[in-house]
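Engineer: If you read the sequences in order, they're chains C and B.
If you're matching positions, the first sequence starts at 1 in our numbering and goes up one per residue.
If you're matching positions, the second sequence starts at 1001 in our numbering and goes up one per residue.
It is worth saying that the hints were derived from the structure and are not from the lab.
Model, not experiment: these values are computed from the prediction.
Errors might be hidden in some of the hints.
Pulled a few chain C residues facing chain B out of the computed Cβ check, cut under 10 Å [claimed, not checked]:
#1 Leu272
#2 His394
#3 Thr400
#4 Gly403
From the three backbone atoms N, C-alpha and C, an ideal C-beta is built for every residue, glycine too.
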Amino acid sequence: MERVPYWNISFGLLIDILSLPALAIFGYGIYRHWLRIRQGKANIKLGLTLEALKVGPLYLRSFITRGIVGTRIYKKLFTGVAHGLLFWGMIVLTVGTVLVFANVLFGIPVFRGEFNRLCMGAFLDVAGLAALAGVLFLLIRRLFPPERLTCFKANTGFILMEVGIIAIIVTGFFIEGARIAQNGADPGSFVGNWLAAQLTGGGGLSTIHRYLWWSHGLIALALIAYIPYSPLVHLVLAPANAGLDIPVPGPKMGVVDFEAFEGEGEEETPSLGVSKLADFSRKNLLDISTCLKCGRCHEVCPAAQTGKKLSPKGVMTTLAEYLQQGKMDDESLLDTITTDAIYSCTTCAACMEACPVAVNQPNAILRMRQHLLMERSEMPEIMGQANRSLEARHHPFIGTGFGPNDWRKGLEVPIFEKGKTEYLLWIGCSIAYEERAQHVGRAMVAILKNAGVSFGILEENRCTGDPAKQMGNEFLFTEIAGQNIEEFNELGVTKVITMCPHCFNSFTRHYPLLGAKFEVIPHAVLIRNLIASGAIWLKNSGLAICYHDPCYLGRHNRLFSEPRQVVSSIGKLVEMPRNGCESFCCGAGGGNYWTEEEGTRINQTRAKEALDTGAKTIATACPFCMLMLTDGLKKFTEEQLVKDIAELVCSQMEA
Amino acid sequence: MHIVVLAKVVPDYEVPSADFELVENRAHPRYTRMIGLYDENAVELGVQLKEKLGADLTIVSYGLSDDVQFLRKALAMGADKVVLVEGNSDDPYVIAANLKDAIGRQGNVDLVLAGRQSSDMDRGVVPGVLAGMLDLPFVPQACSVESAEGGWKIAQITEIGKRLLKLSGKGVLSITSVPENVPRIPAVKAIFAAKKKPVEKLAEIGARKMSISELSVSIPKVESNCEQIPAEDMDDAVRQLLRRLKEERYL
């Protein structure tokens, strides 16, 4: 017999009618979120031309992968699968319910033949079981939560929703069973058929069925209406947040147009950075609303994991509390989060990488840092000194024993000549002023000479200004960058080689916004190309070399394979447990090279991880990582194991 | 109330010794320039007094015309005005006479602060000479100042402690560094505001020189000799090192 929808139910359409107020309450809740979010400022324009597919404001790829499919959530396999079962199970069940409704209203024949047996029967039962398994796992995990869920503040709203979902699924199965028990087996509905066999209520069954049917419908509607007022609102916010995430890796800081401030009085100048919620962009506020306090960022944050005052989850939790309480103009925000926490961020972006819902934590932290530095002049002491050195001397290496040209003493290095030289070899600060890093510069010069590349350096060596930017001093960065761009233009520089990923990132992400027009190639990529084209020949030692991903080459610029290809051509590549996009920071980023660390030292943690691979050489492609790991390793061994890839290549080069 | 702080723009005072070179007996012009180390402490103290007392704060300097860009930092820190006498003499009499002339043009000045010594010549002479020319008391090595009835209460740092002094009326103080006068880092807004604060440039006046002439200037040559200490373990290495240092009379 063909299944009769709303069997045994009088006025069943009432449920469908009630869905209208439920949806209205749902819509109002979402609208309230929108009202909150739109109090933020317009989003930062990155001024980059992206070839990403866009529908309205939504970037399609991220919307579908990170937003709908939720790819990142599967990085924790069990949670990911449970979440997937629940989400897709509920989607299928919702579609099934809509089909029933379509059958009632328009007579669409869904209860016939194979479609009924496979889809309306078997598939819906499978979906129900899947969703039930998923939600049970998630409920148990909420009841016995890991630390990441409870630290700072647990998101308490989930348990009620999970119990609600379980009630919906269980009542659904029993309704099916009770109906089948009275009307005879339904082809394909294996769960319903089995349950029906167990039910022996006789006449009472139809009453129970009726009560269950109404509870099932009412709970479902209540749950839908309640979604925007519960953590389940991530059903809407997460895809939106993922879709609005500009598809450029890293914190997407943009630049500040200081020229607009010229000629303004002290009072009229807008407040720089973020001192209160209202200063954040709409995307920041959406981030804050979307964050589910899952704590995945807390688990991967180098600061949080080594006893610093910062946890990205802690910051997002505080921000969410302020937003929840409507404290848009409350300037106690920064003091609540604390200066220490705000400066402890190494901007490594591990949090962003781990976040399943595309929250940009470092952006929020760095914007608050900008305010502390540029408005309140508050910063840790050593950072302050580095900052002043950058301002006065154009490099942050306080107390260096070297002049700008000492790194190339006794070495013939060509100076960039306008119209003649092809590449500018950009030296930057660490390679000039830090003794250990000077070897990287010398090695790179040897490689370029050996390969016959036309290159030259600037007569006067300078910093990109990136450390200032990462410390929050956007103003100083803009000034230094402006001078560099001017000099590059005068010299007609069109191609730049960088040895420091921070310089590379600054040149490619921020300089174009200030008017720069030149190509930049990081030394890892250039060396890879030189090897591939046969411009340099290397002996492969066959010895194990462990490669540490610099955050600004890897996570921020997705250059994972190029440096590995270089390493593989001189030895045997060995990986640390945390590698590639999950690499653990050396601790130097975000200006934290110039800081007095609290708690365990990040560089020691990472150096130990590298040492534990057993490799006798630790390679990296960033002078700061090299310096930090060299220093970190001193705790465990006296041997000098850390080398830049340029040094390794240079030592294996055949003339 | 009107306070004047003397500030001198000097070549980078933290150039690594190995990189330091002279041109015509002075630091090579390639080094960046900045306000002297102790002068910044004096500016900071001046700004603190200004904030406390509502005083006017003027920076008076003797130096090159291009030094204005570096003196603006003092304006960003909170000073109201810069007066620069353009000149390039290193003679303390000439400098002091020019500073006296510039201060004289500022109307009634209640207090003059200066760094305890410049960061290039390191003599610490000018403030004292200036006090003599102004016929005012001179307090060297001061670290803090408070306004007191008809004058100032001053703390002076001695080698082993602190002396509290009462100065009646006006005076010239040279300031040394203490944690309380670590120069502030100006906020960006203040840097922008400083661009609009007044800068007055004065021509140098002729003045008698000290009867001292410079015969030569030299800087110590830095030599580094590396010697490996052959040792089995740490203890042995330390023992050997100590013996060697004593032999070479470093200890």
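Engineer: Would you mind marking each hint as holding or not holding in the structure?
Structural biologist: For each hint, the structure was consulted:
Because the smallest distance between the Cβ of Leu272(C) and any Cβ of chain B comes to about 6 Å, under 10 Å, the interface hint for this residue holds. A cut of 10 Å between beta carbons decides the hint on His394(C): the least distance to chain B is about 7 Å, and the hint holds. Checking Thr400(C) against chain B by beta carbon gives a least distance of about 6 Å; that is within 10 Å, so the hint holds. Annotation: interface hint on Gly403(C) holds; nearest CB of chain B at approximately 3 Å, less than 10 Å.
Violated hints: none; the structure is consistent with every hint.
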